[in-house]
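Just so we're aligned, residue 5 is where the sequence shown starts under the numbering used here, counting upward by one.
No false leads were mixed into what you were given.
Using C-beta positions, here's what the derived DEER-type ranges look like:
| # | residue 1 | residue 2 | range |
| --- | --- | --- | --- |
| 1 | T265 | D79 | 52 to 62 Å |
| 2 | Q174 | E539 | 55 to 65 Å |
| 3 | D575 | E539 | 39 to 49 Å |
| 4 | V394 | G521 | 48 to 58 Å |
| 5 | D79 | V394 | 35 to 45 Å |
Hints listed in this document are in silico derivations from the structure and should not be mistaken for laboratory results. All C-beta atoms in this analysis are idealised placements derived from N, C-alpha and C, irrespective of residue type, glycine included.
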Amino acid sequence: MENPDDETAPESETTATSPPEGKKRRWRRIAAWTLGLLIGIPVAAFGIAYVLLDVRSPQEVLADLDKTVVLQNTDGSELLKVVPPGGDRLFVPYDAIPPKLRDAIIATEDPTFWDNEGFDLTGLGRALVTGVGGGSGITQQYIKKSTGNEDATLTRKFSELVLATKITQQQTKKEIFESYVNIISFGRGTYGPASAMNAYFGRKLDNSMTWSEAAFLAGMIQSPSVHDPYASTHEHAMKRWSYVVNKLVARGYVSQAEAVTMTYPEDAIQAPSETRAGRVTYEKYHIKQQVLAELEQVGYPLDRLRGGAMKVETTIDPRAQASAEKVVKERLQGQPEHFRASLVAVEPGTGAIRAYNGGGWSVHDYAGTPYGTGSAFHPFTLAAGLRQGVSVDEPLKPSAQVDFLGETFKFQDQCGEAGKCTLREALARDAQGPFVDLAKRLGAETVRNGARAAGIPEAVDGAVTLREKDGFLIGPGIAVGRYPLRPSDMAGAYATFAAEGVRATPHLVSKIRDEHGEIVWERPPDKAPGFDDDEALSRRIAGTISRVLSTGLPDRPAALKTGDFRFDETDDNAGGWAVGYTPQLSTAVWVGSDEPRRLRDAAGEKLTGKTIPAEMWQRFMSGYHQGLPVRWPEPTGTQAAPAPTLAPPR
5 MENPDDETAP ESETTATSPP EGKKRRWRRI AAWTLGLLIG IPVAAFGIAY VLLDVRSPQE
65 VLADLDKTVV LQNTDGSELL KVVPPGGDRL FVPYDAIPPK LRDAIIATED PTFWDNEGFD
125 LTGLGRALVT GVGGGSGITQ QYIKKSTGNE DATLTRKFSE LVLATKITQQ QTKKEIFESY
185 VNIISFGRGT YGPASAMNAY FGRKLDNSMT WSEAAFLAGM IQSPSVHDPY ASTHEHAMKR
245 WSYVVNKLVA RGYVSQAEAV TMTYPEDAIQ APSETRAGRV TYEKYHIKQQ VLAELEQVGY
305 PLDRLRGGAM KVETTIDPRA QASAEKVVKE RLQGQPEHFR ASLVAVEPGT GAIRAYNGGG
365 WSVHDYAGTP YGTGSAFHPF TLAAGLRQGV SVDEPLKPSA QVDFLGETFK FQDQCGEAGK
425 CTLREALARD AQGPFVDLAK RLGAETVRNG ARAAGIPEAV DGAVTLREKD GFLIGPGIAV
485 GRYPLRPSDM AGAYATFAAE GVRATPHLVS KIRDEHGEIV WERPPDKAPG FDDDEALSRR
545 IAGTISRVLS TGLPDRPAAL KTGDFRFDET DDNAGGWAVG YTPQLSTAVW VGSDEPRRLR
605 DAAGEKLTGK TIPAEMWQRF MSGYHQGLPV RWPEPTGTQA APAPTLAPPR
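With the hints as extra help, turn the sequences into a complete structure.
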């Protein structure tokens, strides 16, 4: 027997080649096991989930929607209940659904519905890469509503994929569509097409439905609390309707020639009947609609809230809300019947809306409707100038005529006998000339950015703000407050001045709790310096604005800017504003009417921001601050001249 240690022994073939071959075999085994695990584990998980998971029937889903959702005030007391309306969940068989409505829904929500396997591969791929998001077709939407799980997670997407595969194998496409359309919300507390047709058009669901009506109802599904024209505006709802019509044309359901003959069914759309039934006041109805719209944006639509019998903690201070409603009613008592008003109060630094009064006249929400702001917009122009180094105390002699972006502005002498004043004085006098001249020096985009920095939102209900109707151009109207903004926008943006340059998004929802009291969602803070990344600079800009706007409440300093929106080319106004703040609260008051018109009060005096709006503002703010400590920003620059205190309200 040869000694393997003998140096003279010949080297065997095995000894020479074993190590590299062994390594290769080991790597091949590892690769095979890894591949097997990568394939086997998902397959096994899919198989187990396929057996264990199931989709509830539409009848089971609808039964869960009988639960009540409670909205609470900030102190935990009940604001209102969202009670399921009886009889608004009529189950409609597939064959009883008008073909036009079926086509409109499929064209808008899932154009490949009849051919796909129940899920969107592109959306699922995006979810696998990012961990969130992903598109949802009709089958997936039904699964989300059935399971009550709408969280943007990989786990939910995996379950959705399993169930989409399972339900597509077990049911026909007609059955899936029937189940989906009967549990989907169309808004106004309705589920299913029959109750939706009755709620919006006051008619039974049958084949007399027009393409125009079908497009309107199909457009509600995406976000019913937003797209309802009585929650937003007919202008917004018409944009959504046009989107659906374009989809019908693009998918071949309607010809271009037919689409041209279609008109938005504004006159046929009924106002919500909820307030007429006496369930809530108009003021509470407006809050409810705003809360539901906000909840939809964070992934908690009404059906999800109902399915979990959830409680929603709002930011409403019941004492402030009651005061807001009282002040508006009392001050308009005895005034012309066409006068309308709204009031929104926002807590600086947090964005929490403490009072929201959209008016008590109808389902139309005056606090959520945009109006021209007039000179109440000037503080944003001034903030834009301060960012560029403009001084509020530089003497100015504005021209009697200013050409700006193709429009000629002519002004009477608003700067006193000498025709010369500073921006500080111009703001107090409501002098337009100096601010049009400043806007021209800065440029329209810079002015717009100043308002954005304060917190004016980029878009409202899908429409870009502070631009022309085309959504792109900025015209001369930005210099004189011609672009409409909502009272809630103005209160939130002025709150940035009140918070010493710290911007926070106005909101009505703070927390959501499940039926066991556990927090399932809480609004994250979004505070940030408004006017510059440099917090000190942002604080100085806001402090300067506060000193320029300085006025007084009976027991404390405050800031206030009034504004008027002129009616056409007359000397009368179509609306008046009073927007101001203390460090504790920022409040915007608007007074106007349903249609643009000359506004004269009961005594025949012209409405201005300094009259009824300012009086409402002072009454509300004085009442709110009773018992609160006096606070005001410490001066960090040139002292402001002593400001007059508002006259006591009439």
